[in-house]
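*Asks:* All chains should be modelled from the sequences, with the hints used to inform the complete structure.
Residue-level listing of the chains:
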Amino acid sequence: MADSKTIQPEEGALVRAWNWLTDTQVWTSIFRHNAPINDKNRVLVMLSNVFLHLHPVRLKKHGVRLRYTWCMGGLSFFLFLNLTFTGLLLMFYYRPTLEYAYSDIVGLREHVPLGIMREMHRWGAHAMVITVWLHMFRVFMTGSYKPPREFNWNVGVVMLVLTLLLSFTGYLLPWDQLAIWAITVGSNMARAAPFLGYEGPGAQFMAIGDVQLVHAADDARFALLGGTFVGEGALLRFYVLHCVALPLVIGFLMAIHFWRVRKDGGISGPL
Amino acid sequence: MAEEQKPLSQPVSGPAKAETPPVKPKPAPPPPMNPTLAGKTTSAAAVKKKPVARRKAKVPDDTSPLMGRRGWMGLAWGSFTAATAGCLAATGRFMFPNVLNEPPQEFTIGFPSDYGDGVDERWKDRFGVWIIRTPFDIAHEAPGFYALLVTCTHLGCTPNYLSAEAKFKCPCHGSGFRETGVNFEGPAPRPLERARIVLAEDGQILVDKSRKFQQELGQWIDPEAFLSV
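Protein chains in written order, with the working numbering: chain A, 131 to 401; chain B, 389 to 617.
Hints should not be assumed to be uniformly reliable.
Derived list of chain B stretches under chain A, where covered just means 3 residues or more per stretch with a C-beta under 8 Å from a C-beta of chain A [said to hold, decoys possible]:
| hint | region |
| --- | --- |
| 1 | 472-483 |
| 2 | 600-606 |
Label-pair distances were calculated between CB atoms; the ranges are [unchecked claim]:
| hint | chain 1 | residue 1 | chain 2 | residue 2 | range |
| --- | --- | --- | --- | --- | --- |
| 3 | A | R172 | B | C545 | 55 to 61 Å |
| 4 | A | G273 | B | R481 | 47 to 53 Å |
| 5 | B | F468 | A | K191 | 23 to 29 Å |
| 6 | B | A473 | A | R239 | 20 to 26 Å |
| 7 | A | H183 | B | L463 | 28 to 34 Å |
| 8 | B | L476 | A | Y232 | 27 to 33 Å |
| 9 | A | W157 | B | E612 | 56 to 62 Å |
| 10 | A | N171 | B | P453 | 33 to 39 Å |
| 11 | A | L177 | B | A473 | 29 to 35 Å |
| 12 | A | G361 | B | E553 | 46 to 52 Å |
| 13 | B | G544 | A | I338 | 58 to 64 Å |
| 14 | B | C560 | A | V341 | 52 to 58 Å |
Just so you know, the hints here were simulated from the structure itself, not pulled from any lab data. For each residue, glycine too, the CB sits at the ideal point set by N, CA and C.
*Replies:* The following block contains the structure:
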């Protein structure tokens, strides 16, 4: 074969364009390492990417077993993200005032295309309460609260309380009869808080001489409602708690929670 | 991989052949085994069991009669992508409500006899128009009504009507307009716009802000830009 000299296949325009693109400073500043096709690159990608670094490079086999984790922690986080996003969208239409709150809720069903955004938020919230409880149940039943994970268990307990508070504060926002009376009943519990509620045990000792320090217009319930009954102040206060304060706190604790899961040796193993 | 795929494809041909004859004369012949691969993968192990001849027995890993592993993955990612795209589209659409809580663009404002000559400010806040009754309009050379929009043609502020000086004066940058709507001072580049004004069936004046007439485009001479009485 006299004419069989080796000819390199000519690079097409696409290949050349791709090579040029992946050599640009912009590209290399975003994708800092090669494709994760071997162990070393996989580790590099997982450790240097803010979205991926939450996940360990290697998992224990039981960690992905549905029958062990029930996936409830992950589902709770997923629902939280879902609720954050749908809640953000609802905020574009909802006004927390006596005049508009209820009609805006109705409008979110009637005046908006695919009026299910509010339902997604509502059902998502119900589901998150359930998944958080089941997550706690699973953690308890597998003994995952034991050292070295006792700190994370306590973070989890606080987040359970925050989840319930988010659910509670969100309950007022539709401003219908159910909401108003549910919050009336619920907030009356704060009236009986020890020392801080004006009907609670010890409140009578919170006095200087004849002056009562804790009374109906300055006790724990008042702080919650921004008034002595469920009115405009309570609606605005619950709205701010629901949309800003509580999500910020629970988001902060979630970061700690996930970090501690990694630091405490990943998902706990079967007993 | 290429070596492994050979035995994987074989169980497919097994049940497929067995299904074609309706009478099922014999169980399908056991597929030839590749001894070097026996027991290496779950699929390869299943090849051994195949001759036990359960016709629609549990199909191991990659032997779905519909499509292969790659096909299923494609279907899964395709459905996921489609669902995500649908959600994104629905979310985008969510930002465009079907109902607006804005003042109507078209409204009736009473009978012509309710108005005296001059600028009438009673609809300014509610509908955003001045109603002017004039004994002689510059565009139509007749007595009648026109409706001026209260939007300054400079940057969109709302001018004030100064009756002592008989002009509209914008507080933002000092543009001034005559009662006809023609600009004469300040940065405004063109006259105020007029809205469609006609008589409704019941004899009331009907103003329609969705149709605007601009002087500099020669639209003020349109018969619907002016209601002569």
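*Asks:* Hint by hint, say whether it matches the structure.
*Replies:* Status of each hint after checking the structure:
Under a criterion of three residues with beta carbons nearer than 8 Å to beta carbons of chain A, the stated coverage of the region 472-483 of chain B is upheld, 5 such residues being counted. Under a criterion of three residues with beta carbons nearer than 8 Å to beta carbons of chain A, the stated coverage of the region 600-606 of chain B fails, only 0 such residues being counted. Our hint of 55 to 61 Å for A/R172 and B/C545 holds, since their Cβ atoms are close to 60 Å apart. Between A/G273 and B/R481 the Cβ separation comes to about 48 Å, which falls inside the hinted range of 47 to 53 Å.
Between B/F468 and A/K191, the C-beta spacing of about 25 Å keeps the proposed range 23 to 29 Å intact. Between B/A473 and A/R239 the Cβ separation comes to about 25 Å, which falls inside the hinted range of 20 to 26 Å. The hinted window of 28 to 34 Å between A/H183 and B/L463 holds, with their beta carbons roughly 31 Å apart. In this structure the supplied range 27 to 33 Å holds for B/L476 paired with A/Y232, their Cβ-Cβ distance being about 30 Å.
Take A/W157 and B/E612: their Cβ atoms lie about 59 Å apart, and the range 56 to 62 Å holds. A hinted range of 33 to 39 Å for the beta carbons of A/N171 and B/P453 is consistent with their spacing of about 38 Å. Taking 29 to 35 Å as the suggested C-beta distance range, the pair A/L177 and B/A473 conforms, at roughly 31 Å. Checked against the given bound of 46 to 52 Å, the beta carbons of A/G361 and B/E553, roughly 48 Å apart, stay inside it.
Evaluation of the 58 to 64 Å hint for B/G544 and A/I338 yields a pass: the beta carbon distance comes to about 59 Å. Judged by the Cβ atoms, the range 52 to 58 Å given for B/C560 and A/V341 holds: they are separated by roughly 55 Å.
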